[in-house]
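In order, the protein sequences belong to chains A and B. Using our numbering, the first residue of the first sequence is number -5, and each one after it goes up by one. Using our numbering, the first residue of the second sequence is number 73, and each one after it goes up by one.
Hints listed in this document are in silico derivations from the structure and should not be mistaken for laboratory results. Backbone N, C-alpha and C fix where the C-beta goes; we use that ideal spot for every residue, glycine too. Just to be clear, a hint being listed does not mean it is correct.
[To be verified] Cβ pair distances, simulated, as ranges: (1) B/Phe292 x A/Asp168: 30 to 40 Å; (2) A/Thr180 x B/Arg406: 26 to 36 Å; (3) B/Arg195 x A/Gly176: 18 to 28 Å; (4) B/Pro376 x A/Cys175: 47 to 57 Å; (5) B/Gln360 x A/Pro109: 18 to 28 Å.
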Amino acid sequence: MAELLQFVITGITVGMIYALIALSFVLVWKSSGVANLALGQLVLISSWFTYGMLVQAGLPLWVGFVLIILFALALGWVIERFILRPLIAQPILSLITVTLGLAYFIEGAVSFIWPKSVAALPRLFPQEPIHIGTAVVSQEYLWAAAISVALFGLLSLYFKYHKMGIAMRATADDQMAVQACGIPVTRIFSRSWMLACVLAAVGGVLMSSIGGITFGLVETGLKAFSVVILGGLNSFLGAIIAGPIIGLAENLGGGYLTPLTWPGVKEVIPFIIIIIVMFLKPYGLFGEVRIERI
Amino acid sequence: MDLPAGTRNYTYAQDMAIFRTKTHWAMLLALLVILFTAPLYWGNHWLSVANLIGITIIAATGLNILTGYCGQLSIGHAGFIAVGAYTSAVLTNRLELPFIVGLLAAGIIAGLIGLIFGTPSVRVKGFYLAISTIAAQFILIWVINHWTSVTGGFRGISVPPASIGGMIFVSQSSQFYLILVITVLVVFLAKNLARTRVGRAFVAIRDNDLAAEVMGINLFRYKLLAFFIGCFLAGIAGSLLAHWIGFLNAENFSIMDSILYIGIIIIGGLGTTTGPIFGVIFIRMLQQGITFIAPVLESTFALPAGFTTGIGPMVFGLAIVLFLILEPRGLAHRWQLFKASYRLWPFSY
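Can you build the whole structure from these sequences, using the hints too?
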């Protein structure tokens, strides 16, 4: 029973981080219709950058965090301006594959700048474990989940009340109409990429403060796709609900299925969920079913 | 544009022929003669590069039929190649069946696995399909890594050299002939496939699948056929790769390789027969150049230790991005432009 509670709490908290990374995807998809397959690599490079700032340069925590946010903003701006803007109005195949090229580039850049494959971030959160009922949970998980929830809150306020957020929602709805209203659509694209990179960076820092920095972070990014698929590609709510579901499935499955199957089953459960969702309900729980016309 | 001035057709068969003029035939013969005599004047190193190029051309041609002609993006190609490689390895190593059986079984089983993961393509496309093929890649590699009793798991599996009848293909030059013959056959079949009803149906599906369905193309059948052919060729390439390397480990088939195959067909030119060939030669030569020049640069300019491992992926990623932005039709299109210009030279107006 203690085991079950443990799996549930870990699953939900990790799932919140997945949801945060998935949100980064949904943001770009909604506003510009680009499928960002470099998500895992964005998570990876921002975690390594944090490592570079906090450990290698030895900066204090708060300076490091300001720098990592600035880095993520700059990264998002550069990606949008130099890679995706030349491809506006190209077929979806090009838009997907260009992010694959970007993924390849970032992975190369990471192994160029940080040749070692494993590193640990300094402790960001208090260490002593907390007892919830019979389960023992390390505080990092709870902090990570709390930060994710706080960010969801901030984001939903941003989209509801801030002018830019409203403009982003409008762009997601109808690009032509938005342009006719005099809103610069390219600036919206740019902002949404910047915001998406910040979300990926925060997700990456939270993830690597728990599990250390490895190439497994790329897989974390890919697991976020299962959140996106399950929740529906263009639904913020879907991402937030599907995140904990994936986290739960991963941890419960990893806990109870490993003796029955092979070790490491935890790692593929999100991918098996993707295939199941594809067969049963391809547009996800809250996704919009596209109606096509010739 | 494609033919020299003054080429006339008198029959339909003439019009449809792939090789039209005497020059075409002469150049084809010259190319084949050069290729089949290559082991006489290429060293062992370049022969092994040529073997790798041949195997990659087979795999890339499969992906090109699936993605370039039929428009179904697959980012799990390395996973399907792995299925073929391990099928062939298990059949020839553990069951001691002949190589030919292993080769065909590799193709068929990879094709069938491709059908399973290709089924969602009937309802979804674009990003959704890309994600489900990524999922296929991870699930397949996980099964290979953990089904230790059959695949050898993380320890890997050794593969006996290919043999047909009494011939055993051990040396690079003997394998070169094996791979060359299969590569030429595959390219020839791919070229002809694109000109048949099936190929035209694929192109129709790529350009607008709804319109294609209205025209009477059975989407379910043709999309799955594209997956089967694409993954069949991946399986064949995997089997050849297994017998060429002699030892298999799932690390040879990572997601980055799948992305590299996508990059190859984009750089070469989607939906052309020559595209995969150009793309493969470009990428493999780039790899050769980098493995040659990176250590030199590193020692000369005292670059950090990660330079040699990092520069390769950086250059490939950059190549993919630049080709998509600057020349989305790939090297095959450039080749067409070049041919047109030299035919008109020196009177280009």
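Hint check results:
1. B/Phe292 x A/Asp168: 30 to 40 Å: 33 Å, holds
2. A/Thr180 x B/Arg406: 26 to 36 Å: 30 Å, holds
3. B/Arg195 x A/Gly176: 18 to 28 Å: Since B/Arg195 and A/Gly176 have Cβ atoms about 39 Å apart, the given range 18 to 28 Å is violated.
4. B/Pro376 x A/Cys175: 47 to 57 Å: 50 Å, holds
5. B/Gln360 x A/Pro109: 18 to 28 Å: 23 Å, holds
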